[in-house]
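Engineer: Letter by letter, the chains look like this.
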Amino acid sequence: MSNTLAPYPGLRPFTEDEAIYFKGREVHIKQIIKQLEEKKIVVVTGASGDGKSSLIYAGVIPQARAGFFKSKYSNWLVADFRPERNPLGNLADSLAHKLQLNPEYTKKELSFGFASLINLFKQSDYYINENNAEWKNADDRTRKLRRLKSANLLILADQFEEIFTNSENYTNGRPSNASYVVVNTLLETARIAQREGIPVYVILTMRSDYISQCVAFKNLPEILAASNFFVPRLKREELTQVIEEPAKLAGGSVSRRLVELLINNLQEGFDRLPVLQHALNQLWKLADYGKTQIDLIHLAKLAGISPALLPDADKEEFDRWFVDLEEYKKPYYDTPNVDNVLNTHANVLYVSAYEYMVMHFGWASKTISPFESLQVIKTSFQSLTKIDAGRAVRNRMTLIEIYQIINNPKIAIEDISAIMTVFRLPESTFVRPFVNPDDLSTEYISATSTLDITHEALIRNWKLLQDWNEEEINNVSVLSDFKVQLNRWLSHNKSNDFLLSLGPLTVFGEWYDRANPNKYWLAKYNTNDLSHVEKIEQSARLAEDIEEYLRVSKSFLALQERQKKQRRLLLMISSLLIIILLSILTYWANSERKEAEQQSVLAQEQRALAEQEKNNAVSANQVAEHERQIAKENAEKAIYAKMLSDSARADAERNRLKAETNFRIAQEQTMLASLQAEKARLEKLKSDSLRVIAEEQKRIALMASDSANKLSYLSLAQTLAFKSHSVFEDNDLNLLLALHAYTFNKDHGGRISDPVIYNALRKAYSLVSNEGIINLPIDFPLSAFETTSNEYLVVYTSGIVQKLSLIDGKVSVLQQWKSLELLNSAFFLDKDHLLYSTHSKKLILFTLSSNNKRELKITPNYARAAFIANGSVWIGGRNSTLSEFSLSDNSSDPVREIEFDSRITDMVFVKNSATLFLGLYNGQLFKLPFSSFIPEKIFSNFYRVTAMAYHTQTDMIVVGYSNGYIRTFDAKGNMGSEFLSGKNAAELMCINPSGEKLAVGFSNNLVKVYNFNALYETPLTINDMKQKIIMLDFVTPDQIFALGWDRSIRKWNISSAVYAELIKQKLNRNMSDIEWSTYVGKNVPYHAIK
Amino acid sequence: MFAKKKFNLLFLKIIEMNDENALKISVFLSQSSVDVESLKTDLETVMSRAGLEVVSSQLVGDSDFRQYENNTDALLENSSCSVHILGGQYEKSLSGLPVSVSEIDFQKALQQKDKTEDFHIFVWFPAETSRKEIDPEQANFIKKIRNSILPNMIFSNHESPVAFVEDLRSIMQVDKRHTEDVHQTDVFFIYHELDEHAAEEILRISKDVMEIKGLKITNEINAENYIIEQLQQSKLAVVYFEQMLNWAKNFVPQVWKRYGGASATTPILMIADESIRANHAQLFEAPNVIPLVLVHEIIPLEIKVRLDQLGNLLAS
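Same order as they appear, the protein sequences are chains A and B. Under numbering that gives the first Met the number 0, residues 0 to 1089 are what the first sequence spells out, in order. Under numbering that gives the first Met the number 0, residues 0 to 315 are what the second sequence spells out, in order.
One or more of the hints may lead you astray.
Stated by the list, open to error - Estimated spans, in silico, between C-beta atoms of each pair: (1) A:Gly1080 with B:Glu192: 34 to 40 Å; (2) A:Lys841 with B:Ser25: 29 to 35 Å; (3) A:Lys841 with B:Asp307: 18 to 24 Å; (4) B:Ser25 with A:Asp451: 49 to 55 Å; (5) A:Arg140 with B:Lys23: 33 to 39 Å; (6) B:Ala222 with A:Ser939: 15 to 21 Å; (7) B:Pro266 with A:Phe111: 40 to 46 Å; (8) A:Ile399 with B:Ile297: 56 to 62 Å; (9) A:Gln465 with B:Val161: 30 to 36 Å.
Said to hold, decoys possible - Which residues of chain A face chain B? A few of them, derived with a C-beta cut under 8 Å, are: (10) Gln62; (11) Arg142; (12) Arg146; (13) Glu236; (14) Leu248; (15) Asn263; (16) Pro306; (17) Ala307; (18) Tyr524; (19) Asn527; (20) Leu529.
In short, the hints are calculated from the structure, not lab data. Using N, Cα and C, we set each Cβ at its ideal position, and we do this for glycine too.
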């Protein structure tokens, strides 16, 4: 079985290749097939996350191909498509590909609807017209050949609800012309197929919440009524199968208690199955890909259950593990439950995305900060969701569209691609397109690649994404409010009366700074019936209007402020005038009062005179009376004047106070003005210094432009390297692209051993050369040993041993031994001794020269490592024992046994110091001097030793661990260096003769070559091996030999220069001008190779 | 003590099942603590409404352990499954034994499961009960059950008895109808009708030296169920193809998956005729599936050798 297929796909649907792991729906598959057999069409509906796509791809289609579907022919063509934004085009492309027609012609034909699709099928070679003369006159042989070629046609429209969710297809309750044609064609196809017995079948998968919208299409509701399959909820025993069976099929197992707990703890409603599949996917990996039974402790380690529910022994193990867990992950374990697994996983990826990008992508610019990378992730995911009727749904977007929405010139499009890679890896598969571990070029996605969240379960279960979407919903809501105000202003000829006041301006201003609503973001929410380009144009105008409205409102408010200030100034001036006026009045009042007082004194004197004259005469009395009257009047006048002056004084006092207040205000404002002047002066100083800084930066920029020029050539080299992987009819073009990539890289100071350039050269060379791949004569080799140069001993599962010569790419059998038994494992100890274990559970030491077979008494099948030293055979195995067998006698019993705490997984013998180094399953590393046979532990960790290697001249031991770490030790057992090679464990290691290079074969069949002098550099990676690597060795300092389970022998040179030279010899021409312009660039000076 | 409970005379209730096609399922309902007595009564009623035959021990008063044990064994012997409701209390009530009646019933059910392959045990720990206070001894008992769940044992914490009984009934109602024309044979040989000529030649030669049953796959018949049943009755299966590589590449994995994958007992030889170049591509590999590309003439011999090896292995 392929060990690259995990039995649980995670969030994404099952593919056809994973059909063997798709369990629990056997009854439903049969029901759908029965409906299709009878009615030729079925609409599969169900809630989001119910597994509609998986049911068809991994259920119905494989069953049909296996012959469990009654039909006319034996073969099946499946033309599947998603409507997306172009349903007619996508249907045409898929159908054209399957029927081998021209896509443009197919689209034109389909645009006529009705019988067009049936006609295309009938015209193809896959249909047999049994009524025509050719068939009637054909002999049996001809008929058989025709039937071998014939095929049933299944049209699958997956995610059919996209007809309704994309505005290009459906707006305001009305379908576009293209969608109408597609639906008409599909329904007519089924109708005609049923009537005429033509083997064409139609399946639509669709979310059930879009059923009501089907009324927009004629006849579709009737089909829904007549041939609908609503995906049922899985029953308990079916859920048990979903959990248990895939693990069993893949060679693993799930404990019953975990099965019951998972079923009990799954929440009802949407996402039950995707959440479960995701949890199972993670559990599988945590249980070492099925090598250990998946149990409660694994779920606890994923924050799926509380550790308090674990058995005591497991709880202790969990506590030990938790102590070493990174601090940033620990808070996620506060609320453990099954739904939390997905949330935790997504958060961990979010936090670790930047580090992953820095470690793995040399071609990313790495100029952005960790904080900026978090912002990129946030905006990317917000772009990949959209708000539809108040809920967040998936939204497919190209990389360039996301880049445009981010709208930050500091962030390059490659950075976005690199940062998002961690969500596209096989172990997460949160975002499509996924990275294919067998093809590293899939790590790179072009600007026009479409990204898509794999399943909406991620949107609903990742809390952070929910928060971001809440924010987006809020932004969209504010936009909607804002547009109302804006439209009011625009419709009133931009009148000032409709500008924003301070309160709304503050709210909308904050929204504008937060949401950064550029034209691309606005276009996302543009629901008008326009093309994409028209929407962008319309949104650009809207963005300008928004900016203008805010700006004008701000300016208007500022103007009003200024006017208020002017009014205050006027008030101050008028206050001063009033003060002056009142001062004059006060003075006048005072003089009046003085005059009044004087008048009063005068009156007194006159009264005294009158008294004196009283006695004199009556007339004098009248005069005096008159005088008294006058004096009285004067006194009254004086009192009145005094009253007036008192009143005026009071007014003057009030005005004086008011004037004092205004004067204080005026003083304060003067102070404020002087402060502002000071501030302006400081601002000027600041702008002067900024200008100086800007000039300095300009100078730096000029310097940077030179190095940018160099970097752009290096970047061009990387791009050409990727382009050389494409399939061209003319292989010379592949060679030229790879060679130019190499030349640009070398001439501009790029890294000599750049892995991308190296792989481009190697792959290009493999197109024109058959060197490097040889096939062994027999299947399933187990082990190999180089006896002399070009001569090898090989042992096979069938029990045959061969001595082979490999010269000039040809294999010759020099000698052969045969055992009648089938073998489980085998090791060559030297060129004369082979140790093997059989199906019948025996362990045999076979001496090739004498043909002697000696049975060794050790727990069978469990020998993991062995070697010969000091006249004995030493065997280490899963029984945790090192056993010594003497070569000089024929005894089956060991002469010595040494026990260890755990199974021995690998060993190396250091001849110089007669010391054995052993690696154990529990992660411990021991040294065992043959002088004392007392083991000494030299290193310990929690991860098992998976492979070891030794280099004689440098006396260096290299040890690989299951967590991907590789460490070096000297012959005394002191650790030298350590580095992390990745997530996969090393299975084989070898060191080149000079001791500078280390080649490692990993459990995912990749081979990586490290340079001990530069361990920090990205290693060369070779991904040619399709199956398990059996043997790996350096045949020269720069050439590696590898033998695979698929019986292929490969040789690779690890020098880019060597491949470049070989390619030059194979080249027949240089690049033409057009090719140079297309692939390299018009602005790059032309450079000929030959 | 038993004195706390009310006792009725021993009797069995037999209710017609609602679904005429369903098999009659008899359920042993175990004793439980007094705090879940009303839930137990509700459960019994629900099970009766669902058409299940419910039996439980209703011994009178002061019976001793031996009597109780014999009675329980007899009831379990006649039941297809047992149901155990877990309450919050650990009630020791039988002849001074330090063990609760509920735990005794559970142990008895485990013994019955060891004797009868198809016997199922359903444990119901109602969500409502799990939220209340639980005796330490009872908590221990529950933890022991939870951490030792065996095949054919279900541990459920549904809120309602109806949901619990739905699960029980759907697990216990298994259609055991058999396909006719299935019988024991050494080799089960399957091929597609478009490879008929080459396949029948192999069949003809093979019949001289071994017991072999052939099946021709056609488009008109879906023989999936028959294939699975016949596989169970065969020592070795062979899927042969000459022209029909695409069919075989899909057929073998589907059959392997349905038949139990790595734990299946009948190995499958997937034999491609080497005369067609495309057949040399990578075939399906899995435990119990052996892909071979062979010269047409030696195919019968290869089948014989494999069958003999299988025989030797089984003998050893």
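Engineer: Run every hint past the structure and note whether it holds.
Structural biologist: Now for the hints, and whether the structure bears them out:
1. A:Gly1080 with B:Glu192: 34 to 40 Å: Check failed, 59 Å falls outside 34 to 40 Å.
2. A:Lys841 with B:Ser25: 29 to 35 Å: Distance hint for lysine 841 (chain A), serine 25 (chain B) is violated at roughly 51 Å.
3. A:Lys841 with B:Asp307: 18 to 24 Å: This hint holds: roughly 20 Å between Cβ atoms.
4. B:Ser25 with A:Asp451: 49 to 55 Å: Once the Cβ atoms are compared, 53 Å apart, the range 49 to 55 Å for aspartate 451 (chain A) and serine 25 (chain B) holds.
5. A:Arg140 with B:Lys23: 33 to 39 Å: 58 Å, violated
6. B:Ala222 with A:Ser939: 15 to 21 Å: 58 Å, violated
7. B:Pro266 with A:Phe111: 40 to 46 Å: 54 Å, violated
8. A:Ile399 with B:Ile297: 56 to 62 Å: 60 Å, holds
9. A:Gln465 with B:Val161: 30 to 36 Å: 33 Å, holds
10. Gln62: 6 Å, holds
11. Arg142: Violated, about 11 Å.
12. Arg146: Where the cut-off is 8 Å and the nearest Cβ of chain B is about 6 Å from arginine 146 (chain A), the hint holds.
13. Glu236: Interface hint status for glutamate 236 (chain A): holds (5 Å vs cutoff 8 Å).
14. Leu248: Holds: closest Cβ of chain B sits about 4 Å from leucine 248 (chain A), inside 8 Å.
15. Asn263: It holds, given that the least Cβ distance between asparagine 263 (chain A) and chain B is near 5 Å, below 8 Å.
16. Pro306: Since the shortest Cβ distance to chain B is 13 Å, the answer is violated.
17. Ala307: Since chain B brings no Cβ nearer than about 10 Å to alanine 307 (chain A), farther than 8 Å, the hint is violated.
18. Tyr524: At about 42 Å, which exceeds the 8 Å cut-off, the nearest Cβ of chain B leaves the hint on tyrosine 524 (chain A) violated.
19. Asn527: 47 Å, violated
20. Leu529: Since chain B brings no Cβ nearer than about 46 Å to leucine 529 (chain A), farther than 8 Å, the hint is violated.
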